[in-house]
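Use these hints to put chain B onto chain A, whose structure you have.
Residue numbers (the working numbering), protein chains in the order written: chain A, 2 to 528; chain B, 9 to 317.
Since the hints were derived computationally from the structure, they do not count as laboratory data.
Just so it is clear, the structure is predicted and the values come from calculations on it, not from any experiment.
Note that the Cβ used here is the ideal one computed from N, Cα and C, for glycine as well.
Please note that the accuracy of each hint is not assured.
[Claimed, not checked] Covered by chain B, per the in silico footprint, the following chain A stretches (three or more residues, Cβ under 8 Å):
#1 122–131
#2 283–292
#3 409–422
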Amino acid sequence: MNILADPAAFARDAVLYNHESKSLLRFIACGSVDHGKSSLLGRLLFDADLVLDDQIEALRKDTGQLTGAVEDLDFSLLFDGLAAEREQKITIDLAYRFFATEKRKFIVADAPGHEQYTRNMATGASTADLALILVNAQSGLTQQTRRHALIAATLGVHHLVVAVNKMDLVAYSRATFEAIETEFRKFSDRLGGVSITFIPVSARGGDNVVKRSPHMAWYRGPTLLEKLETVDVTPRAANQAFRMAVQWVSRPTPDFRGYCGLIAGGEVRPGMEVIVQPSGQRTRIASIVTADGELARAGTGQSVTLTLADDVDVSRGDLIADVARPAEVSDRIDARIFWMGQGTLAPGSRFHIKLGTASAAANISGPMHLIDLGQDAAVTPVDRLMSNEFGLCRLELDRPLAADRYGANRETGSFILIDAETHDTVAMGLVENASAPALTPDKRDSVVRSVATRIARLFGKNETHGRSIAKAISWRATGSLDTFVISWIITGNTAIAGSIAVTEIVTKILFYYFHERIWALASWGRR
Amino acid sequence: MNDATITKASGTHSYLDQLEAESIHIMRETVAECDKTVMLYSIGKDSSVLLHLAMKAFYPGKPPFPLLHVDTTWKFREMIDFRDRRARELGVDLLVHVNQDGVARGIGPVSHGSELHTDVMKTQGLRQALDLHGFDAAIGGARRDEDKSRAKERIFSFRNAHHRWDPKRQRPEPWRLFNTHKRKGESIRVFPLSNWTEFDVWLYIHRENIPVVPLYFAKPRPVVKRGETLVMVDDDRLPLEPGEVPQLRNVRFRTLGCYPLTGAIESTAISTENILRETLDSRYSERRDRVIDQDGSASMERKKQEGYF
Numbered sequence: 002m003n004i005l006a007d008p009a010a011f012a013r014d015a016v017l018y019n020h021e022s023k024s025l026l027r028f029i030a031c032g033s034v035d036h037g038k039s040s041l042l043g044r045l046l047f048d049a050d051l052v053l054d055d056q057i058e059a060l061r062k063d064t065g066q067l068t069g070a071v072e073d074l075d076f077s078l079l080f081d082g083l084a085a086e087r088e089q090k091i092t093i094d095l096a097y098r099f100f101a102t103e104k105r106k107f108i109v110a111d112a113p114g115h116e117q118y119t120r121n122m123a124t125g126a127s128t129a130d131l132a133l134i135l136v137n138a139q140s141g142l143t144q145q146t147r148r149h150a151l152i153a154a155t156l157g158v159h160h161l162v163v164a165v166n167k168m169d170l171v172a173y174s175r176a177t178f179e180a181i182e183t184e185f186r187k188f189s190d191r192l193g194g195v196s197i198t199f200i201p202v203s204a205r206g207g208d209n210v211v212k213r214s215p216h217m218a219w220y221r222g223p224t225l226l227e228k229l230e231t232v233d234v235t236p237r238a239a240n241q242a243f244r245m246a247v248q249w250v251s252r253p254t255p256d257f258r259g260y261c262g263l264i265a266g267g268e269v270r271p272g273m274e275v276i277v278q279p280s281g282q283r284t285r286i287a288s289i290v291t292a293d294g295e296l297a298r299a300g301t302g303q304s305v306t307l308t309l310a311d312d313v314d315v316s317r318g319d320l321i322a323d324v325a326r327p328a329e330v331s332d333r334i335d336a337r338i339f340w341m342g343q344g345t346l347a348p349g350s351r352f353h354i355k356l357g358t359a360s361a362a363a364n365i366s367g368p369m370h371l372i373d374l375g376q377d378a379a380v381t382p383v384d385r386l387m388s389n390e391f392g393l394c395r396l397e398l399d400r401p402l403a404a405d406r407y408g409a410n411r412e413t414g415s416f417i418l419i420d421a422e423t424h425d426t427v428a429m430g431l432v433e434n435a436s437a438p439a440l441t442p443d444k445r446d447s448v449v450r451s452v453a454t455r456i457a458r459l460f461g462k463n464e465t466h467g468r469s470i471a472k473a474i475s476w477r478a479t480g481s482l483d484t485f486v487i488s489w490i491i492t493g494n495t496a497i498a499g500s501i502a503v504t505e506i507v508t509k510i511l512f513y514y515f516h517e518r519i520w521a522l523a524s525w526g527r528r
Numbered sequence: 009m010n011d012a013t014i015t016k017a018s019g020t021h022s023y024l025d026q027l028e029a030e031s032i033h034i035m036r037e038t039v040a041e042c043d044k045t046v047m048l049y050s051i052g053k054d055s056s057v058l059l060h061l062a063m064k065a066f067y068p069g070k071p072p073f074p075l076l077h078v079d080t081t082w083k084f085r086e087m088i089d090f091r092d093r094r095a096r097e098l099g100v101d102l103l104v105h106v107n108q109d110g111v112a113r114g115i116g117p118v119s120h121g122s123e124l125h126t127d128v129m130k131t132q133g134l135r136q137a138l139d140l141h142g143f144d145a146a147i148g149g150a151r152r153d154e155d156k157s158r159a160k161e162r163i164f165s166f167r168n169a170h171h172r173w174d175p176k177r178q179r180p181e182p183w184r185l186f187n188t189h190k191r192k193g194e195s196i197r198v199f200p201l202s203n204w205t206e207f208d209v210w211l212y213i214h215r216e217n218i219p220v221v222p223l224y225f226a227k228p229r230p231v232v233k234r235g236e237t238l239v240m241v242d243d244d245r246l247p248l249e250p251g252e253v254p255q256l257r258n259v260r261f262r263t264l265g266c267y268p269l270t271g272a273i274e275s276t277a278i279s280t281e282n283i284l285r286e287t288l289d290s291r292y293s294e295r296r297d298r299v300i301d302q303d304g305s306a307s308m309e310r311k312k313q314e315g316y317f
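The shape of chain A in the complex, shown without the other chains (with noise of 0.2 Å):
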């Protein structure tokens, strides 16, 4: 019989092993402030293990608290990392923390809580798996919690966590805990399909987040580091369509032409036929090449270069698809807007479009609605975004793109909006339909559009008709007092000074009204 001299050794280089097969798991912490997110999460860490003894000392530094259990300390600091968020206490930008344990890699985007900050909130949003959503015990559900569920699941995020913390602050009460998870389901249907599990847990005595709580024996469902290891995450893109986006083209040679890109959905096989969007022109994959070698077949995730069997025009911003399942081109796409940017954001905003590798020139069209995310993402008809709002409206690009509904596909329904003089990213966009008919390229028909837009405009949104001839009577009112006086003053008579003035309140009434509406049209001096 073969005895192990230190079985602690054999145990590791099992783990080790097992490392290099480990999947990764993307999830977002949030939480309103003081719900206990920096501290849950340096808990988590801390049970795990993973907190490391120089950082511990460094804690120790920062806290002053030099002496003492180590349970102790205040772990939320491991997590505010500018001097301005230690300054102040609480979490400004998205930070990502890594941990692994045996099972799983984790990259953790430690959201802040603010809505001002929000903007970070659905950033780290966007590439996570899972969202961990923690509610304050003593205070339930608040406003910012049902926000952050909705933009979770707006974003496609598949599985919340909800952690119900602070629970040795009401006595572990497990009426506390279920009223606030029949609340929160109360709320849910609004999130969609998602799969919520509730959580009892204690940041500051560690139950329920790696340890179980002797505390709640009636709860029986997983503790917070069970349910982050066991989480399906294969990846939703695998049975989607073959979509890849041209990122460079690669030409160390004059005989190798090849599409360097990042699989966003889908597999793809040598011999494949495919289609170049927006083009529109077909061919066969010849090979999959990478530094490895060639391969067989290669999927979602993967970074590959492509080589095409036929002489097609492919470049840069070129999406590569399954010939039977193409993306959607159109050059108008219905879109969900998260508006990020300082100022507003409203019909007839022009801004850079990033949609996977394509880049193109998009005006914001109307009708646009609010998604509002405090009456529970009720939709309403506005005329303008505010920062941090969500809304629907219509883009119109200067240029057909090929893209997909979000729902079907996060990467290649996803797009960003680029200020054009600060260079800024003001908006994260969700494609929700792309098949309007494209708008012939046509210049005439295009001209006529934008002459019709204009005229559209010209009794449209931001100045009500109502007001414009409110502000013409009453200028008009004020002029015609002084012409009158002046036409008195000039020729004594008070009954053509008189006829002078009222006729032309008539005709001025006119002219302001008209001269106001194509100023309207101009944005000239605008600040």
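Just chain B, lined up with the frame of chain A:
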């Protein structure tokens, strides 16, 4: 192409495959969208991985950018040998920049302290080299797990004309959509290894058989103990204190930099497998062995704002 052998049939993808694919995507995005890209090559393990990924990303071509090493003149001799050998073997362009002004002033880590030395020879040197060649994008091997302020830095991280980083003006990076539009005078630092940890780097080196500087493996080396730090006596520029005699100890390095600023650890790890096991068992993060990171909790954040990579 039809007679090419198929060497690897892809099955399920491990997290390392995912990290690799994402890093390659980032590099390709950089060269496709920027005018003049350079890869910062610091000769350490992260740079080795970065270079390996660049070779893969542009295969069968060569990486369409040169490597840049900002030489502080205080690197371990083995690092310089390794650097020149690798560039030759892979047939890639290597630019070496030394801050001549610093050399003329005789700046060194021993005479002037770690802070000034790092600022002049590394930070200023890097800024000079980037300005000299007009690079608008510099790919570097920094990882978010290295430091708390790094954890908040974007993958495409912007610097103003003075190479300063403004942590409060960072652009969101949703999905895989990177905004590379620059304002006047701005340049970009790109970090393809952002989501890798020290362990991931070693596991990948192990899996891909990537050559690294031999200093990472344990060997008897002459060291002196200063406080808690073991400093290797790599040449005769390190002044010995009275009564200090270099001792041969079996040591290796977890990070590499200027030799008087880099602490060795006692170890018996002579293979990547040994190192992986040691990393798993270690109770300390790698930065502990770097003298320059201990100037204060926010020291990395401050240095980065001043233009440190």
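Please write out, lowest number first, the hints stated earlier that are contradicted by the structure.
none
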